[in-house]
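Chemist: Protein chains in written order, with this note's numbering: chain E, 1 to 148; chain F, 1001 to 1300.
Hints were generated in silico from the structure; no laboratory data involved. Accuracy of the hints is not assured; some may be wrong.
Simulated crosslink set (PhoX-like; lysine-lysine; CA at most 25 Å straight-line) [stated by the list, open to error]:
1) E:Lys118 - F:Lys1041
2) E:Lys118 - E:Lys80
3) E:Lys52 - E:Lys80
4) E:Lys130 - E:Lys118
5) F:Lys1041 - F:Lys1054
6) E:Lys52 - E:Lys118
7) F:Lys1041 - E:Lys114
8) E:Lys80 - E:Lys130
9) E:Lys52 - F:Lys1041
10) F:Lys1041 - E:Lys130
11) E:Lys52 - E:Lys130
12) E:Lys130 - E:Lys114
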Amino acid sequence: MRVERELDVAVPPERLWDTLWDVPRMVTCLPGCTEAREVEPHRRYEARMTQKVGPISLSVPMQVTISNVVAPTSLSLEAKGRDGVLGAAVSMSVNLAVTPRAAGSRVRIEAEGKILGKLGALGHGVIQRKAEELIDEFGVRLRRTVEG
Amino acid sequence: MLRPFALYQPTTVAEASDLLAREGANAALYAGGTEVLLILKEGLLRVGSLIDVKRVPGLAAIRADNGHLSIGATATHRTVENDATVRARCPLVAGVARHVANIRVRSVGTVGGNLAFADPHSDLATVFLAFDAVVHLASRRGARTLPLADFVRGQYETAREEDEILTAVRLTAWPAHTAGAYAKFGVHERPTLGVAVALTRHGDAVGAVRVAVGCVGPRPQRISAAEERLCGVSLADVARHAGEVAELAAREVDPTTDLHGSAEYKRDMTRVFVRRTLLVAVARAAGRDTHERHPHTVIV
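Same shape as in the complex, but just chain F (with noise of 0.2 Å):
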């Protein structure tokens, strides 16, 4: 059961990020309210006030510049899988948006309550790695940017400040002659695992790697030691390391058992889906589709 609660809505940061200082623990931010309000139903949460940011004008803008994408906080995830711009720049990202959730989730469901509630069992922070994300986070102190990997703490942590709202992501579009594929798995309502690939080409090698393996433990996570065992690798010979470097990810990632599956499930998982999904990458990088199907998979 929903309690009484009194609504808020600013219609500018400042003024929110007033309303999150004055309120402190007693309010809570709503941005789609699609993790919030499940908290609040089940008496997890209990405050007095929600603070409603999606109604600051601009918030949900989503803009190009300079081989950056930027993402409102408040853009909703259906918003992000239609729009231009994230298509033309960081289409990725815009497939990944496709198949959050549900679509009642998608519809009111945003990028910034999204990577601010920080469940772990989240595709966008993933994928949002791969394309080296940085958080733009403001207070009526002042505003900072933080890297998404430093950003996300661990499970439902961040390093958000009390009266700090998440106005923005920035996302680095990948260079040219770059594939990339994300691949979930779960039987569940949230992903057990995510994998984002991507593969630069530099001639007929690959030049640039970027491995992120999200929803196993308490943080998504870049997998660095795979990432340079790939660098320079001949396009041809990249599936004939693929056992290597899956077997890199699953020994870099610090999965946690919970019911999605015990910490040595996820760890198989985690060899299992990152050779997958290199195996797609590659095969896009060579103009090549695979159209591969695994059961309760979703490959973008």
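Chain E with its partners taken away, still in its complex shape (with noise of 0.2 Å):
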């Protein structure tokens, strides 16, 4: 599954790559992340993702790399974890670059995901659906952070 967002924020590129290292600020933006802690201050991370696709919730504890920094403009976002209960393995791969424009900075975000398990029995179409509208809803949460 591949999902690509291109968001508009109004404020420099400084200040949005401050808010993106801001782990309180960013659990806020991410619909269902929680517990999420500092292990290695700008390399390692890691949260609990939690999604519910109807009936079904995944939860899902996440290891998060992040490799490729050049501040302000770019990096790049491995998290890797495993669902105890559904024994659904998930990995994604985000890459995320920040150009700045006129008005503010533009946010590019290209993501890569899976999900292996009996969860793929729903079929590739829900997944989609449901990584499009969590980084949709990201763009959201996070302008209104940088802006507000």
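With the hints as a guide, bring the two chains together.
Modeler: Have a look at this one:
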């Protein structure tokens, strides 16, 4: 599953960049994200992602690794985890690029994810839609957080 | 493997709602189990209890009043198929019920269970949209009604609150001089696409049109652009406009890429099947039947 989005925010890249590293604020931007903590600054993080698809709930402790950091313009993120109850293995990689715009910044998000296990029985369509909704909501909340 | 669970068998809707409120996420409603048992066996759903609402007296009742047909939530597909009231008021619904899944599912699966589970690959919600369906929900807090179009929010997602029970779906019977058709296509167990079309004659012209498309996207939808385009068109001219109407439908759907095919494929199939179903409906409106046959297709 792959999701790409572009988002314009009305703050300069430097300010946006600072927000991206602010763990408590980022947690509020990601629907279903809890228990986030920094393991190694600017490199390793942990967080739990909980998502619901109709009657089915998925709750995954994720190990997050950040690489290719070029402040304040780009970074890559790898996240991996496993839902013990459903036996679903989740992995995702995200490339994030920030470019200056006349009135602020543009964020480009390229996310690619995989969910392995029985959840696959629901079909790729459900998961793709869920991922799109999640990233769209992230965009809305990120804009509100940095501009607010 | 099915894990152990507690089975509650309330005898009133209020009692069922109390149980739902008390058990919260630990409980699931059971109204036939053709969907919920599958995800329980797969281990996708972990609940400690099932609340069986099939024992609630009256919840399976089918009634007709003032041009409406009310189907109780725990009426099985088989009951709907054979019910004299359904056959008299909304014969298309009885016809569609006859082709839901397989005989085992039809014998135990229920209308309410089907709608509340909101699997996008399902027939009922699509055909019910063509009858302006309204769902009835009840809890210990009270009762409310909601258009089916608002009830189904997305894939497996509905507007039902945790302590609510879907008690019935109310359909508006089509006016006199209305002919309808439902076509579904699929090579898997569940339909890849379902299209319902109804045409109401007004003299020699089309008075009102209903076009609903389901299964291709996260939820079934009425295609208002296609409906508006056909209103007032002479019956003899409908076939000439069929391609254009099908194109409008193909443009308006929101297809999902999944195991049934890509979004592009489903958009194309929407075009093909809206056209086919419309042509069947218009033939029926003119008093003919087309006896059309297509591979992997059921036309009701």
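Chemist: Hint by hint, which ones does this structure get wrong, listed from lowest number up?
Modeler: none
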